[in-house]
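Residue numbers (the working numbering), protein chains in the order written: chain A, 32 to 265; chain B, 2 to 236; chain C, 3 to 405.
None of these hints come from the bench; they were simulated from the model.
Be careful, since some hints might not be right.
As the list claims (entries may be wrong) - Heads up, simulated DSS-like pairs for lysine-lysine below, C-alpha to C-alpha not over 30 Å straight-line:
#, chain 1, residue 1, chain 2, residue 2
1, C, 65, B, 109
2, B, 137, A, 199
3, C, 215, B, 53
4, B, 28, B, 111
5, B, 128, C, 215
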Amino acid sequence: MKKELKRALYGAFEAPESQRKNAFLKNIRQPGIGYFKFVLLQASYIRKWVWGLSVTIFAAALIGGGFMERDVVWVLSALMPYLAAASIAESVRSEMYGMAELEMASRFPLKSVMLARMGILGVFHLTLLGLLVPFEHMYGVFTAFQTGVYLLVPYLLTNAGGLWLVRKIRSREASYVCMGYAIIISAFPIVSKYTITLLYQPEVFGWWLVLLAILCVATAVEYRKTVIRAEELI
Amino acid sequence: MELIIDRLSKQYGSRIAVDRVTLKLQKGVYGLLGANGAGKTTLMRLICGILKPTGGSVSLDGEDVSSEEYRSRLGYLPQDFGYYPDFTGTDFLLYMAALKGLDRTQAKRKAAELLKLVALQDAGKKKIKTYSGGMKQRLGIAQALLGEPQLLILDEPTAGLDPKERVRFRDLIAQLGKDNIVLLSTHIVSDIEHIADSILMMKNGQLIFQGTWDENSGDLEQFYLEQFEEGQDHG
Amino acid sequence: MANFGVLYGYELKKIVRRKIVWITAAFMLFIVIITVIVSRLAGSSYVDGYKIDTHYHMFQVDKEYQQRLSGRAIDQSLLEEMKDGYDKIPSDAEAYVLTGEYQIYARPYSEIFNIVRNMTNMTFNEMWQWTADEGDLYERRQRMLEEAREDDLLSQDEKAFWQEKEDKVEWPVVFVYKDGYHQLFDSMNTIGLMMLIVITICLSGVFAEEHSKRTDQLILCSRYGRHKAYWAKILAGISFSLFSSVMYTVIAFSAALAAYGADGFSGAFQLMYANYSYPLSVGAAILISYGMMIIAGILTGIFVMMLSELLHSSIGTLALVVGMIILLLFFNIPEHYRAASQLLSYIPSEFVAVWSIFSLRTVSLAGRIFTAWQIVPALYILAGGVFAAVGKRAYVRYQVSGR
């Protein structure tokens with residue numbers, strides 16, 4: 032009944048012209064998104080191939096571990112740099128494509144965009160690594176801790192070096208240079224697996240830990256510098 | 002000296018970018034006007050031989066556009082050209098001079114001369130990545146003038162130049178137009194008003210107007226807008 | 003001509019000025035030193051989890067023993083001395099290298115022991131039971147060679163060819179200390195592969211960057227932009243590949259010879275690679291190996307530049323070539339598909355390996371038989387020409403549009 036009445040009223044009477052509509056609308060506070068929602072939104076802007084690559088590497092590691100057995104750690108070490116390179120590519124996309132100036136001037140500035148993307152991908156990759164380590168330890172010759180270290184070192188080495196390179200180069204060529212750098216880090220374990228077995232001997236593991244510590248610090252420093260640079264258009 | 006463009010066409014699939022343009026250009030300055038997407042840049046690229054036409058031909062005094070002799074008489078400034086960031090301004094000009102066939106001594110002399118002409122003599126030894134937009138544009142103009150080209154094709158040459166630089170540039174073009182064929186495209190009507198001997202107007206790939214323009218002919222901008230009033234392409 | 007020189011100079015400058023070139027150069031230096039010196043001399047040796055000695059001390063001791071025997075023919079008397087030493091090792095010893103008898107009596111002859119094993123394909127147990135006999139040694143060698151030729155599916159002509167070469171090798175072979183060259187031999191595959199990857203990284207932007215930087219418009223409309231400029235780029239890329247390969251070769255040689263000594267250059271190649279019958283010296287074989295590595299680098303450079311123009315993308319070129327190199331590391335064509343597996347072994351990333359360079363499989367041409375290291379350079383020159391021509395065609399036909 033009410034519906035019919037409403038419909039009839041609409042038909043019978045003409046609504047008056049709206050007055051001072053713009054002024055009225057300007058007074059209403061537009062609802063914005065919170066920081067958490069902003070971060071989630073950024074996840075949707077991370078390119079599909081980055082997620083695809085990460086998942087592919089994870090799947091290859093799980094499945095491949097069964098076939099490659101002892102070799103799996105070397106192959107994974109070789110794949111880690113590509114994860115890191117993809118992560119860097121996402122972080123510096125804005126600068127590369129000339130969007131930096133626009134993003135710096137917005138409510139959630141470029142710095143926030145970068146932090147959000149780096150954070151999302153960093154957490155995602157570390158989670159994948161964390162899931163992989165016990166599996167690979169099952170197949171491989173090393174302890175879970177050693178496996179973790181052997182995988183983290185190339186990842187962080189690519190991260191720290193790649194971010195430094197991208198900061199120095201600052202053009203579209205940066206992604207190519209970063210990729211070249213990742214390839215070098217990646218090729219090393221594959222090519223040297225037989226000739227440089229020394230690197231994976233127990234007595235050398237202490238040096239890996241030292242390297243890991245240095246790389247953790249270097250990566251943190253590079254991330255910080257990258258984010259600081261995003262605060263101002265240079 | 003005559004540049005003959007005979008029924009020049011360029012088609013991309015079903016889209017016709019340049020539609021049977023026919024022109025005969027002698028010495029002088031020709032201003033090319035047209036809306037965005039009218040086909041000006043495509044026409045210029047066809048004239049420079051860096052785009053192959055779907056139909057028609059371009060020749061300069063009988064030399065076809067694909068020949069080395071044609072290219073040796075050509076100077077081109079693209080709308081949006083690149084450079085090597087780590088090269089200095091001088092490096093860039095010397096490199097372009099080598100591409101244009103100038104010997105080393107001549108190249109060095111010419112490069113210094115042109116840097117002075119475009120007021121970049123103090124920036125010649127600095128890397129191009131340190132140049133402002135206007136400085137890069139002036140460097141582009143300088144490289145187009147290497148080798149004393151008889152056919153100069155300039156696509157939006159005054160973009161990024163401040164008013165004083167624009168006036169200097171106009172004088173330079175007017176001077177060059179006395180002995181050479183200069184074809185320049187721009188959105189800045191006042192540039193064309195002051196220096197062009199002839200006006201060419203393009204719309205949807207076709208040449209819709211070719212003729213001289215002087216003060217007695219009225220306001221060029223008004224005339225230009227009238228030409229594009231009907232069924233303007235908003236692409 | 004002078005113009006060409008200027009263009010060439012600038013193209014070389016464009017390649018060398020990139021940061022990635024210096025990063026990869028530093029990395030290669032690190033790889034060469036690690037592969038040639040550190041991998042052999044650093045760290046320690048473990049048997050059943052028990053550390054027996056540092057590698058460096060082991061090397062010093064073994065070097066001294068070998069230098070004492072250097073210059074002696076591997077004849078009856080030396081074979082008997084070697085066998086006497088090994089016969090003193092208790093037969094029930096679990097890890098014989100840990101026994102005092104091995105260290106004192108057998109170890110001085112361990113290199114002779116290894117050479118005899120390689121020359122005859124005898125197992126460890128067979129060696130243990132073998133009676134030292136010079137005639138028997140060379141008979142077993144002959145049998146081993148014939149088996150190897152059968153396994154490689156060689157034709158009768160090829161077998162005759164290798165036998166003719168074998169007859170020219172001087173027997174009994176004279177033992178020499180040759181660790182420097184042996185280490186270079188063992189390192190070649192790693193250094194070669196990394197070098198190909200580095201060349202790929204450095205040259206994948208040679209043509210692609212002209213399109214991404216939008217300088218192609220200026221170049222293609224200039225007088226020499228279509229022909230001279232192209233060849234200047236190709237020559238610059240070739241020069242870069244050549245210089246890089248030669249430089250890393252010189253560094254590897256310097257490191258190896260400084261660490262291990264330059265002795266053994268004139269020793270018989272059969273001391274290092276027993277089943278190869280060609281009468282080559284150790285030095286000649288090493289020079290051939292690294293020479294092949296250099297030309298593989300040059301061909302790879304030309305291939306990468308061609309792809310750079312075809313794909314107009316540095317990253318695409320990089321991904322494709324490195325992907326191919328890595329894939330070929332794991333991919334194999336079974337040996338019984340002789341032609342296919344032989345052709346595969348000639349691809350640069352497969353060819354930078356001693357087993358490919360000194361393969362028994364040959365190529366017959368115009369009634370003559372050519373070994374791999376004789377025919378591959380000619381094939382590479384031909385392939386390089388084809389790649390350069392394909393790249394040129396694409397370059398000259400490039401249409402500047404879509405901007």
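Hints versus structure:
no.	hint	in the structure
1	C:65 to B:109	violated, 61 Å
2	B:137 to A:199	holds, 22 Å
3	C:215 to B:53	holds, 21 Å
4	B:28 to B:111	holds, 23 Å
5	B:128 to C:215	holds, 16 Å
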